[in-house]
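Q: Chain residues, written in single-letter form:
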Amino acid sequence: MSAIVTILAGILFGLGLAFAEMTNPAVVLGFLDILGNWNPSLIIVMASAIAVGMLGYIIKKKQLKPLLSHSWQVPVMRQIDAKLIIGAILFGIGWGLSGYCPGPGLTALVNNPAEGFYFVIALIIGSGLHHLQSLSSQK
Amino acid sequence: MDTIFNPLVGGLLIGLTATIYLLTLGKVIGISGILSQLLFSKERFLPFLFIAGLIIGGAAYGTLTEQTVDFPEIRSPWLLIASGLLVGYGTRLGGGCTSGHGVCGISRLSPRSIVATATFMLAAILTVMVLN
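Protein sequences, first through last, are from chains A and B.
Under our numbering, the first sequence has 850 at position 45, and the numbering climbs by one with no breaks.
Under our numbering, the second sequence has 52 at position 11, and the numbering climbs by one with no breaks.
Derived from the structure by calculation, the hints contain no laboratory data.
Being a predicted model, the structure only gives us computed values, none of them experimental.
Incorrect hints may have been included.
Stated by the list, open to error - If the Cβ cut is set under 8 Å, some of the chain A residues that face chain B in the computed set are:
#1 F818
#2 W843
#3 M851
#4 K867
#5 P871
#6 L872
#7 C906
#8 G908
#9 L934
#10 S941
#11 Q943
C-beta: ideal position from N, C-alpha, C; glycine also.
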């Protein structure tokens, strides 16, 4: 059952990104270009997604545990540290360079493979570098 | 209306999916985190299904609606590689991306996610400013 929910969630999320045109880097770059020909549509995407998401957390408060799992696994860290800020800055620069964040980058493997291929290979390597770094710092 | 309809429906779908995922599986949707689980964790089956679904869903829209996706011309591989490296490393160091921090984190008013989202938005806007 978890498997069915997971793949359906992936498909719905992908459809949402596509409907919202977040899968199109030209639209994303248009949103980020506030001094140029600004396209504010992603504000509507974020606001409507967050509004529905907030309803989810209101329902969660009345629910003892998830329907298909034993316990909640929602992140509980509250500390704002240098890693969070530096990571967000690096991610933001990367996002601004191409208009791809991870989800739309992955869908570009099919939608625009000539771009998606390079982006996703580098995305995996970047993610792997961090993984190696955290492994070696644990030793 | 068309300019409002698509982002509104897309955003509602994204929020609805995050909510269903939360209330059934008890987890938040963060694409960068799910991808890194697929690559580096021992439990790869569910992350694989999610990422496969995401790619199918993202691709199906164009097929279903015959919408021609208005991509710019194919850009330099070096730009895409630099972008991918920064996005891959940065999202893991910062513990999330547009979905995990931007949507799911702000939905539960996580201070970390609000700060992270403001930071990566600003960094992305400045990057576009410099490039243009």
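Q: Each hint: holds or not?
A: Now for the hints, and whether the structure bears them out:
no. : hint : in the structure
1   : F818 : holds (5 Å)
2   : W843 : violated (10 Å)
3   : M851 : holds (7 Å)
4   : K867 : violated (10 Å)
5   : P871 : holds (3 Å)
6   : L872 : holds (5 Å)
7   : C906 : holds (4 Å)
8   : G908 : holds (4 Å)
9   : L934 : holds (5 Å)
10  : S941 : violated (14 Å)
11  : Q943 : violated (13 Å)
Figure legend: structure checked against the earlier numbered hints; hints not met, in rising order: 2, 4, 10, 11.
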